[in-house]
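Trainee: Each chain is listed here by its residues.
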Amino acid sequence: MKALLNKELKLCLHPTVFIYLGLILMLLIPNYPYLVSCFFVCNAIFFIFQTARENGDAMYTAMLPVSKAQAVRARVLFVVIIQAIDLLLMAGMCAFALVSMPEHNAGGTDHSLSLLAFALVLFAIFNLIFLPSFYKTGYKAGSSFLKGAIGVWIWLMLIEGLMIASGTMAGNDSAPAFFRFISENIDCFPQTAKAWTVQGILFGAGLLIYAVCTFLAARISVKRYDKVNVQ
Amino acid sequence: MKILEIKDLRKQYPSFLLDGVSFDVEEGSIMGFIGRNGAGKTTTIKSVLNLVHADSGTVLFEGQDLFANETACKKKIGLVLGEFNYYKRKKLKSIAAVTKAFYEEWDEETYQTLLSRFALDPEKKVSELSQGMRVKFALALALSHKAKLLILDEPTSGLDPVSRDELLDIFRDIIEDGEHSILFSTHIISDLEKCADYITYIKGGRILTSTDADSFKDAYRLVSGEAEQLEQYRHDLIGYRAHAFGFTGLMTRGNAERAEGLKIAPADMESIMIYMEREDGHESAAE
Chain A
1 MKALLNKELK
11 LCLHPTVFIY
21 LGLILMLLIP
31 NYPYLVSCFF
41 VCNAIFFIFQ
51 TARENGDAMY
61 TAMLPVSKAQ
71 AVRARVLFVV
81 IIQAIDLLLM
91 AGMCAFALVS
101 MPEHNAGGTD
111 HSLSLLAFAL
121 VLFAIFNLIF
131 LPSFYKTGYK
141 AGSSFLKGAI
151 GVWIWLMLIE
161 GLMIASGTMA
171 GNDSAPAFFR
181 FISENIDCFP
191 QTAKAWTVQG
201 ILFGAGLLIY
211 AVCTFLAARI
221 SVKRYDKVNV
231 Q
Chain B
1 MKILEIKDLR
11 KQYPSFLLDG
21 VSFDVEEGSI
31 MGFIGRNGAG
41 KTTTIKSVLN
51 LVHADSGTVL
61 FEGQDLFANE
71 TACKKKIGLV
81 LGEFNYYKRK
91 KLKSIAAVTK
101 AFYEEWDEET
111 YQTLLSRFAL
121 DPEKKVSELS
131 QGMRVKFALA
141 LALSHKAKLL
151 ILDEPTSGLD
161 PVSRDELLDI
171 FRDIIEDGEH
181 SILFSTHIIS
191 DLEKCADYIT
201 YIKGGRILTS
211 TDADSFKDAY
221 RLVSGEAEQL
231 EQYRHDLIGY
241 RAHAFGFTGL
251 MTRGNAERAE
261 GLKIAPADME
271 SIMIYMERED
281 GHESAAE
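So the sequence lines, in the order shown, correspond to chains A and B.
For the record, in the first sequence the residue sitting at position 228 is 228 according to our numbering, with numbers rising by one throughout.
For the record, in the second sequence the residue sitting at position 257 is 257 according to our numbering, with numbers rising by one throughout.
FYI, nobody ran anything at the bench for these hints, they're computed from the structure.
Keep in mind that a hint or two might mislead.
[Unchecked claim] Below 35 Å or equal to it, Euclidean Cα-Cα: the simulated DSBU-like pairs (lysine-lysine) are: (1) A:LYS227 with B:LYS41; (2) A:LYS223 with B:LYS2; (3) B:LYS91 with A:LYS227; (4) A:LYS140 with B:LYS203.
[To be verified] Beta-carbon label-pair distances, calculated as ranges: (5) B:GLU109 with A:GLN231: 33 to 41 Å; (6) B:LYS2 with A:ARG219: 32 to 40 Å; (7) B:ARG117 with A:ASP226: 37 to 45 Å; (8) B:ARG253 with A:GLN231: 34 to 42 Å; (9) B:SER190 with A:ASP226: 34 to 42 Å; (10) B:GLU193 with A:ASP226: 33 to 41 Å.
[Stated by the list, open to error] So these bits of chain A aren't anywhere near chain B, every CB distance computed over 10 Å: (11) THR16; (12) VAL17; (13) MET26; (14) ALA62; (15) LEU64; (16) ILE85; (17) MET101; (18) GLU103; (19) GLY107; (20) TRP153; (21) LEU158; (22) ILE164; (23) PRO176; (24) PHE179.
The beta-carbon is built from N, C-alpha and C at its ideal position, and this holds for glycine as well.
Use the sequences and the hints to build the structure in full.
Mentor: Below is the structure:
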């Protein structure tokens with residue numbers, strides 16, 4: 001696995017991955033849907049698959065002393081590492097933003113644990129759609145990314161829309177209490193014990209969803225790729 | 001001892017069937033795997049290595065099930081599928097650095113010797129190499145991890161005659177210790193005449209014969225005769241070429257020995273393959 005990861009890093013990694021990871025700076029834009037930065041990381045992952053495909057990586061890897069299953073697992077692990085780096089950068093940016101821009105984000109989710117939880121689910125959706133779709137053929141990176149991107153954008157618009165709506169409706173007494181709950185406990189940097197608990201649960205759920213979806217994605221991908229003829 | 005045993009390998013494509021391919025590679029020998037383009041040589045090799053998912057069949061490497069012990073078996077196999085056409089924008093030294101991390105048995109000294117022997121500059125990118133040099137780079141990688149079996153698919157295609165001859169010498173050196181073996185697919189039959197101990201002939205996805213090189217050649221005879229004799233012997237001819245003065249063709253040794261009035265000569269591998277592939281006969285333009 002170490003040798004395979006080394007191969008991913010030295011041969012498959014596309015330079016734009018660093019640029020896309022750098023887009024985490026978007027979290028410093030005032031009033032912006034910050035989950036969009038995660039979509040760019042998905043884009044970076046697509047570039048890795050495309051680079052590998054264009055360079056005949058499937059055949060090169062098949063000639064090495066590894067099974068197809070090991071090759072798939074290594075690539076999935078590489079994806080997880082990139083997403084983990086993005087989440088760590090995101091956590092750092094959230095901490096920095098707390099000091100530098102404590103105002104409420106009118107454009108979507110605030111810098112918070114909730115944002116990390118939503119990002120985890122976003123990556124989970126992308127992995128569950130994109131990876132098995134790609135490994136069905138071993139070469140259809142574009143259409144697989146399109147399917148993954150649709151899933152990601154549905155989630156992104158749903159969540160950021162809900163956060164914008166809750167921020168707008170919270171001050172309205174006639175609005176459902178649900179919006180006030182979101183505004184006071186989810187779409188904010190946690191300052192109360194209740195908010196910490198709610199966001200902690202959300203983050204835990206996000207981690208669980210990410211772990212389960214990525215595990216399933218890897219499992220389905222391994223099964224599908226085993227049937228693919230490397231040409 | 002058999003280093004590789006292929007048993008009843010089968011793979012169905014919409015327009016091609018690899019039909020129960022079976023043959024063995026003996027330790028310390030070179031097996032020439034011949035057949036015309038599209039006969040199933042590459043599909044067989046890819047199925048053996050699980051690159052192509054075979055529908056059925058077994059492959060044993062040193063007595064072990066290769067599909068069940070893929071990683072361990074592949075560490076002892078050096079594979080060259082034509083020229084090195086991967087990561088063309090990377091330098092040879094970068095690709096070698098990544099590749100060698102997969103092999104505990106990597107022999108840097110051998111690799112460096114091969115680079116010098118093949119005049120390969122590690123600072124060059126794959127895209128800067130000619131077709132022949134890319135084959136040599138693939139061979140340098142495959143020969144540097146002390147593989148017990150080398151599986152080479154068309155390794156000499158694209159090489160100049162001097163390089164091909166040099167490569168055949170290397171192959172002979174490799175098997176000299178009696179512990180290493182080579183499975184070598186090609187349609188350049190003259191290369192096999194120089195080095196193959198055994199021959200496996202595949203046609204239309206089926207193995208026609210798998211035997212030692214001398215027996216393979218000895219089983220056939222080249223015959224030639226007058227035009228009026230053609231009708232008499234047409235059914236005994238495996239393949240033939242008719243021309244203005246008569247015909248030349250291929251017969252089994254038994255049929256050739258029974259034939260009367262024909263000129264008989266030993267058959268070379270290239271003639272055997274050519275006549276077997278034109279088994280329905282061919283009327284030349286001269287006629």
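Trainee: Now tell me, hint by hint, if it's right for this structure.
Mentor: Status of the hints after comparison with the structure:
no. : hint                               : result
1   : A:LYS227 with B:LYS41              : holds, 20 Å
2   : A:LYS223 with B:LYS2               : holds, 32 Å
3   : B:LYS91 with A:LYS227              : holds, 32 Å
4   : A:LYS140 with B:LYS203             : holds, 33 Å
5   : B:GLU109 with A:GLN231: 33 to 41 Å : holds, 35 Å
6   : B:LYS2 with A:ARG219: 32 to 40 Å   : holds, 36 Å
7   : B:ARG117 with A:ASP226: 37 to 45 Å : holds, 39 Å
8   : B:ARG253 with A:GLN231: 34 to 42 Å : holds, 40 Å
9   : B:SER190 with A:ASP226: 34 to 42 Å : holds, 40 Å
10  : B:GLU193 with A:ASP226: 33 to 41 Å : holds, 40 Å
11  : THR16                              : holds, 15 Å
12  : VAL17                              : holds, 16 Å
13  : MET26                              : holds, 30 Å
14  : ALA62                              : violated, 5 Å
15  : LEU64                              : violated, 5 Å
16  : ILE85                              : holds, 21 Å
17  : MET101                             : holds, 41 Å
18  : GLU103                             : holds, 46 Å
19  : GLY107                             : holds, 40 Å
20  : TRP153                             : holds, 33 Å
21  : LEU158                             : holds, 40 Å
22  : ILE164                             : holds, 44 Å
23  : PRO176                             : holds, 55 Å
24  : PHE179                             : holds, 53 Å
Hint compliance for this structure: hints 14, 15 are broken, all remaining hints hold.
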